[in-house]
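Given these sequences and hints, build the entire structure.
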Amino acid sequence: MKRFFLVTAWEFLHRVRARSFLVATFLMPPLLIAMVVIPSLYYEQSQASQDQVIGCVELDTSAYSQLLSERLANAFTPNSSFPRVILEPIVLDTTGRMRVDYQQLNALRHNLDSLNEAYNKIKERRTYLFQRPDSQSKEKLLSDSYEEMLFTREQRDLAEIEYNRMQTRMDSLAQKAVLAKADSLLRTKRIAGYLLINSKSFKEGVVEFHSEQPINFLRLHPLEQSLQVTLVEERMRQEGITVYKIQELLRPIKIQELLLEGAHKREFKFMATYLAPILAVLFISVAIFTASGYVFNSIAAEKSHHVVELLLSSASPWQLIAGKIVGLGLVGVVQILIWMALLAVLVFARLVPAHDIVFLTPANAGLFLLYFLLGYLFFASIFVGIAPLSSAGQETHYLTQLLRLLAVVPLVLAILVLLAPNSMLVRFLSYIPFLTPTFMILRTPLGQPPAIDYYISSAIMLIFIIFFLFFSAKIFRAANLAQRRDFSLRGILELLQAK
Amino acid sequence: MHVKAENLYKEFDGKAAVVDLSFEARAGMVMGILGPPEAGKTTALRMILNVLDPDSGSVFYDDRPVSAAVRNAMGYLPELRGLYQKYSLNDVLVYFARLKNVSSKKARVEAVRLMDRFGLIENMESPLASLSQEMQEKVQILIAVIHNPDLLVLDEPFSGFEAKNYRLIRQVIDHFRSEGKTIILASRELSEAETICDEVILLDRGGTILQDNLKRIYKRFHENLIVVEAADNLQALRTIPGVKKLVQEKQVARLYVDEQVSTQKVLDAIIRAVNVSRIEVNRPNLNDIYLQIAPTGMKESS
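Chains A and C supply the protein sequences, listed in that same order.
The opening residue of the first sequence carries number -13 in this note's numbering; numbering runs sequentially from there.
The opening residue of the second sequence carries number 24 in this note's numbering; numbering runs sequentially from there.
Heads up, some of the hints might be wrong.
[To be verified] Listed next, the in silico DSSO-like pairs over lysine-lysine satisfying Cα-Cα at most 27 Å (straight line): (1) A:Lys126 with A:Lys189; (2) C:Lys288 with A:Lys(-12); (3) C:Lys242 with C:Lys288; (4) A:Lys(-12) with C:Lys129; (5) A:Lys126 with A:Lys107; (6) A:Lys460 with A:Lys(-12); (7) C:Lys109 with C:Lys38; (8) C:Lys288 with C:Lys273; (9) C:Lys128 with A:Lys(-12); (10) C:Lys27 with C:Lys242; (11) C:Lys268 with C:Lys238; (12) A:Lys460 with C:Lys38.
To be clear, the hints were calculated from the coordinates, so they are not data collected in a lab.
What follows is the structure in structure tokens.
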């Protein structure tokens, strides 16, 4: 036992005073917090500070852009998590060639109007003539006016054809010009995108949104909602529902989320519910892999510096392994305690709101520590066997790489826990040892898993730890004393069989 | 400490590394386990140190099996020498002394005493990586002896040391012998070992090919040794009367000659038989004896 304590103290004291430990303990937290919180803060800031200017092109409708604009303005509140959307109607510039064309179209319109007027007057005059008593002059006047009417009608029809042709050409040109203008505004970044509304939009419920780059759906959210309301309002109006009734029917609803915690309920807050537990998982994962990495490095260094044979002449392999695992595990515990103390200081200094860490109850903190220890022991027990082979062949290198990858996988899969902390899939994955610490630590504040999950996951981890320790200890002694340096998988199996 | 090994046997991957090794090393004695590389010397030492368990056979220390007290009384200098590079000289010396059950206070006092005696005191707080090669070798020797062991086990003590430390290791061996401690060393440097060992075991491919007190060995192999260098076919010398054995290495032949036969007559016969470029007459040393008795296949490697 004395040698075990000596090895434990040696590993603990030398590691805890090392620069790498100080870096991992004091520089890692701001780095991790920055990684998680800064993107979130940046997003919120950029949402709050940047107004989104969205254009609106109406092709064969009018006034909808005005309606949408008002609705968006009413919907925006300064505390909203969404950006303010300003809708800017895009109208045609009547300059240059377009102005000449419009003047020509107006002239044609005037001509058509005057011909229509002349035609109507002839028709009125002929009606009056018909009502007069029959006479020779009446016959002649009717005959003359008929000729005049036919001529005027022909002139009017020709003018109408010409006017319609001109108008069609003008509509097409105007449409192209307004779209060209909208695209130009888009390219010069004066608008983030533009809506294209026509008469079909409200019938079919499809409004085109043109943009240069994909826009975050969250930024389109207020616009989409305003369009939805405008659409429903328009449909209701067409069904004859009064404006007052429409306003009443479209009164918005705010969902207030309350979470049940034991006998109490608290309001849902994104930071407290999701972000803080994710940070807790990140910190504990860092502690697990820092401490188990120390075990790996310590054993690999003792082998490469040829110290291990000297140690084995003084202490048994079990004393060395146990001393290293306990000593370096204590380093991890100290690291977590330092972080907790720093957190307490930040809460005391009101730099971190206490309600953001309400999940960190003594019971939860105890569970986090339990899963840190289980996670650390699991990976440390594997590294004890792999570290003496670390300077060896390609297959060992692949094995080490695989284990490093395994450190990332739980963090990637953690999204499953965020979506449904107590689903069957998440519960099953929680029983897989290398996922257990991350999953159970994240599930604890998010889903309050059933007690049986704690028992089963802990028991499985303990079984695997004992299993790996047994085989790793065999490999530890044999591989440390072996002369050869190229360990294939077959070689490792031979080490396991060695006496 | 009286060390007694009985029929030690160890194999790796189905290949025997040490076969039926038995010996007794008494207090005040230097026992040499000698032989070429891969003869099984290090494996034998590891079984004596209880770092490796023998497949069969056993080792007794003062007629008792290994115990914590016995392990504490052993000092070891391994063949592959290394140290913690980042930690300070003082910390490392104290740590290894503490692992040998030396009290904290005594370990610190002893570490300072040794560092002072061997000129390392100014570097006591320096990381080992900053020390010169010669100083690091010294530290390795100090680690082996800091707890004043009753049994000193040295693996290849004559290899890999700089000249000053080579002298130091010989002084350490002499000092421990004079103190009545037991020293067991393994070496492939037979000529060096014979100058310091009282008894030797010659190993070849794990098996013992010769084991005795050195004086008795010299008495047993008391024939003359004639070394001949010539460009001719040296195998012709095998037929000269009185030549008991001929061992040829390239163009050098070592003739083991019956002591009863006149050396002058044998020399005349050699000069007549081949065109000699060099000729020497010696008493055979341990290396010559090994070459004489080792299986043919191993001679090339010796």
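Here's how the hints hold up against the structure:
Between lysine 126 of chain A and lysine 189 of chain A the alpha-carbon distance is near 56 Å, which puts this suggested pair outside the 27 Å criterion. This hinted pair does not check out: lysine 288 of chain C and lysine -12 of chain A have alpha carbons roughly 70 Å apart, beyond 27 Å. With a CA separation close to 23 Å, the supplied pair lysine 242 of chain C and lysine 288 of chain C stays within the 27 Å bound. Taking the CA atoms of lysine -12 of chain A and lysine 129 of chain C, the gap is about 16 Å. The hint holds against a cut of 27 Å.
Distance check on the hinted pair: lysine 126 of chain A and lysine 107 of chain A sit about 18 Å apart at the alpha-carbon level, within 27 Å; holds. Pair hint lysine 460 of chain A plus lysine -12 of chain A holds up; C-alpha atoms about 22 Å apart against a cutoff of 27 Å. Taking the CA atoms of lysine 109 of chain C and lysine 38 of chain C, the gap is near 39 Å; set against the 27 Å cutoff, the hint is violated. At roughly 25 Å between alpha-carbon atoms, lysine 288 of chain C and lysine 273 of chain C fall within 27 Å of each other, so this suggested pair holds.
Between lysine 128 of chain C and lysine -12 of chain A, the direct Cα distance comes to roughly 16 Å. Compliance with the 27 Å bound is thereby established for this hinted pair. Under the criterion of a C-alpha separation no larger than 27 Å, the hint pairing lysine 27 of chain C with lysine 242 of chain C is consistent with the structure, at around 25 Å. Annotation: proposed proximity of lysine 268 of chain C to lysine 238 of chain C holds, straight-line Cα distance about 22 Å (limit 27 Å). This hinted pair checks out: lysine 460 of chain A and lysine 38 of chain C have alpha carbons roughly 20 Å apart, not beyond 27 Å.
Going through the hint list in order, the structure does not satisfy hints 1, 2 and 7.
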